[in-house]
Amino acid sequence: MEETLTPKLPLIGEKAPEFEAPTTQGTLKLSDYKGSWLILFSHPADFTPVCTTEFMAFAEIYPELKKRNTELLGLSVDSTSSHIAWIRNVEEKMGVKITFPIIADLNKEVSSLFGMIHPAQSKTETVRTVFIIDPEGTLRTILYYPLTTGRNMQEILRIIDALQTTDKHHVATPANWNKGDPVVVPPPYTAEGAEARVKEGYDCKDWYLCFKKL
Amino acid sequence: MIAMPCVSPDGKPTGTGLKTLTSVKEGATTPDKIAEATGQPMFRVRSGLRELVNAGFLEEADGKYSLTETGKGVL
Chain A
16 MEETLTPKLP
26 LIGEKAPEFE
36 APTTQGTLKL
46 SDYKGSWLIL
56 FSHPADFTPV
66 CTTEFMAFAE
76 IYPELKKRNT
86 ELLGLSVDST
96 SSHIAWIRNV
106 EEKMGVKITF
116 PIIADLNKEV
126 SSLFGMIHPA
136 QSKTETVRTV
146 FIIDPEGTLR
156 TILYYPLTTG
166 RNMQEILRII
176 DALQTTDKHH
186 VATPANWNKG
196 DPVVVPPPYT
206 AEGAEARVKE
216 GYDCKDWYLC
226 FKKL
Chain B
96 MIAMPCVSPD
106 GKPTGTGLKT
116 LTSVKEGATT
126 PDKIAEATGQ
136 PMFRVRSGLR
146 ELVNAGFLEE
156 ADGKYSLTET
166 GKGVL
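Taken in order, these protein sequences are the chains called A and B. Under our numbering, the very last position in the first sequence is 229; numbers go up by exactly one each time. Under our numbering, the very last position in the second sequence is 170; numbers go up by exactly one each time.
There's no promise every hint is true.
Claimed, not checked - Cut-off 27 angstroms, straight-line C-alpha distance, at most; resulting in silico cross-link-like pairs (BS3-like, lysine-lysine):
#: 1; chain 1: B; residue 1: 159; chain 2: A; residue 2: 44
#: 2; chain 1: B; residue 1: 107; chain 2: A; residue 2: 44
#: 3; chain 1: B; residue 1: 128; chain 2: B; residue 2: 114
#: 4; chain 1: B; residue 1: 128; chain 2: A; residue 2: 44
#: 5; chain 1: A; residue 1: 112; chain 2: B; residue 2: 114
#: 6; chain 1: B; residue 1: 114; chain 2: A; residue 2: 82
#: 7; chain 1: A; residue 1: 49; chain 2: B; residue 2: 120
#: 8; chain 1: A; residue 1: 81; chain 2: A; residue 2: 44
#: 9; chain 1: B; residue 1: 120; chain 2: A; residue 2: 44
#: 10; chain 1: A; residue 1: 81; chain 2: A; residue 2: 49
#: 11; chain 1: A; residue 1: 81; chain 2: A; residue 2: 108
#: 12; chain 1: A; residue 1: 44; chain 2: B; residue 2: 114
#: 13; chain 1: A; residue 1: 123; chain 2: A; residue 2: 44
#: 14; chain 1: B; residue 1: 159; chain 2: B; residue 2: 128
#: 15; chain 1: B; residue 1: 114; chain 2: A; residue 2: 49
#: 16; chain 1: A; residue 1: 81; chain 2: B; residue 2: 128
#: 17; chain 1: A; residue 1: 112; chain 2: A; residue 2: 49
#: 18; chain 1: B; residue 1: 159; chain 2: A; residue 2: 49
#: 19; chain 1: A; residue 1: 183; chain 2: A; residue 2: 49
#: 20; chain 1: B; residue 1: 128; chain 2: A; residue 2: 49
#: 21; chain 1: A; residue 1: 82; chain 2: B; residue 2: 128
#: 22; chain 1: A; residue 1: 183; chain 2: A; residue 2: 228
#: 23; chain 1: A; residue 1: 81; chain 2: B; residue 2: 114
Worth flagging that the hints you see were computed from the coordinates, not collected in a lab. In this text the structure is predicted, and so the values were computed from the model without any measurement.
Same shape as in the complex, but just chain B (with noise of 0.2 angstroms):
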């Protein structure tokens, strides 16, 4: 089991991955605002990013993320 600390086993964000996902909610787009807004260090906001990615919360665009349904759906 790969340890994914913005995504539980189960599937559903961790506290780590709703801090996010609150962030962006909240108008940070890009992975410097997410880290200024959750301080968390840029290397964990970006691996972050990518599970949420993977996981289907988030979408990326030219750089920015947005939240998906699903993404809204969990806050």
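Here chain A stands alone, though its shape is the one from the complex (with noise of 0.2 angstroms):
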């Protein structure tokens, strides 16, 4: 009988699931990152011409996740050894160092948990996925690529960005904001508020759409 893999999809504002997986630099569980951000993402296959070129742009933008307080942990249905053998090689062809860790998910586990595998697309590898999560262990961000399409760096780092920022000022961020851009000031849900917000000193549009400096 064939296999079949119910992709179960954690929603945005729930706890992520807990998992213990071995990577790239031991025995990881999902609450060994509390109090620190997590992308956790997951790619096809080691050695494959998009992976590498992602893997190569997530390195790049890690320093710039680390001042965010922010910690990547890759993932694929690879071995451990497949994964070392592939990032050995990217150092020494491509000369770029991966220092964070990747999971080997040779079962599945953790895929499965997060939905990482789409059948349609394929049975045995993991989708493009990203799934960021806050420092108390909330899912805050999910975003799904096709196998043939890599990811925008500059998007995950401006998510990161925005998060924090509605994080912290209680704000949220318009279409294509970049971190120093105006925030939107969250609409009033009564009618006096609505009256008032426009006497508030934002930059208004409308009373619904009113625009704030940090």
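Put the two chains together into one complex, using the hints given.
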């Protein structure tokens, strides 16, 4: 009988499911990351071209992520030996050192938990997922990309900046926002609040769309 | 074989493991203090401490770590 995988998609706002998994830096638990932001991401397979470009790009933004108290944790359905051989090859041939851990999810335990395998794309490889988990272990962002499309690292950095700005200042961030741009003041939920909002000194287009500089 | 950065396959502490054990000996008894003393990120400290406890080099009580006799013996 054919093996069927039922991807369970954890939802934004829920606690990310705990796991313990072998990685290139020893056995890690999700809870080991408590207190820091975590980008858990999957790639289809080691020694493949798009994944190699992505890993080099993740390595490039890793120092910026660290400044934002954010860690990286990769994953694919490959062994630790394969991961180690690949990252050594990336360092040797491409001159880029991969210093973050990579989960060896050979039994597909973690990928099934997070719905990373989309059988219509591949029954054996994970699609390109990004799960952004906050310091309390809550899932804050989910991104899914197909096998053929490499991820945009600036967007990942932008989301981290946006989430951290939201948490710190209790604001929202508009389309195409980048760090330093004006932010959106959460709209009022009462008629009285709407009346007051336009007099509060924000840059308001109308009562429900007000911006402010931080 | 599951990679263990703090304990080698022959059961002895690795360089990272020894660094952690030394930091405990020198008074860093909580994961925060050990991270500060060793310069390792917190996730590495937590997983390393788990390995060192399982291997019998450290013991933990109320979130504080101390060397066992075996741990003292390797320093």
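Tested hints:
| no. | hint | in the structure |
| --- | --- | --- |
| 1 | B:159 / A:44 | 19 angstroms, holds |
| 2 | B:107 / A:44 | 23 angstroms, holds |
| 3 | B:128 / B:114 | 13 angstroms, holds |
| 4 | B:128 / A:44 | 20 angstroms, holds |
| 5 | A:112 / B:114 | 23 angstroms, holds |
| 6 | B:114 / A:82 | 24 angstroms, holds |
| 7 | A:49 / B:120 | 25 angstroms, holds |
| 8 | A:81 / A:44 | 19 angstroms, holds |
| 9 | B:120 / A:44 | 26 angstroms, holds |
| 10 | A:81 / A:49 | 15 angstroms, holds |
| 11 | A:81 / A:108 | 25 angstroms, holds |
| 12 | A:44 / B:114 | 22 angstroms, holds |
| 13 | A:123 / A:44 | 15 angstroms, holds |
| 14 | B:159 / B:128 | 10 angstroms, holds |
| 15 | B:114 / A:49 | 22 angstroms, holds |
| 16 | A:81 / B:128 | 19 angstroms, holds |
| 17 | A:112 / A:49 | 25 angstroms, holds |
| 18 | B:159 / A:49 | 17 angstroms, holds |
| 19 | A:183 / A:49 | 18 angstroms, holds |
| 20 | B:128 / A:49 | 16 angstroms, holds |
| 21 | A:82 / B:128 | 20 angstroms, holds |
| 22 | A:183 / A:228 | 14 angstroms, holds |
| 23 | A:81 / B:114 | 22 angstroms, holds |
Checked against the numbered hints above, the structure breaks none of them.
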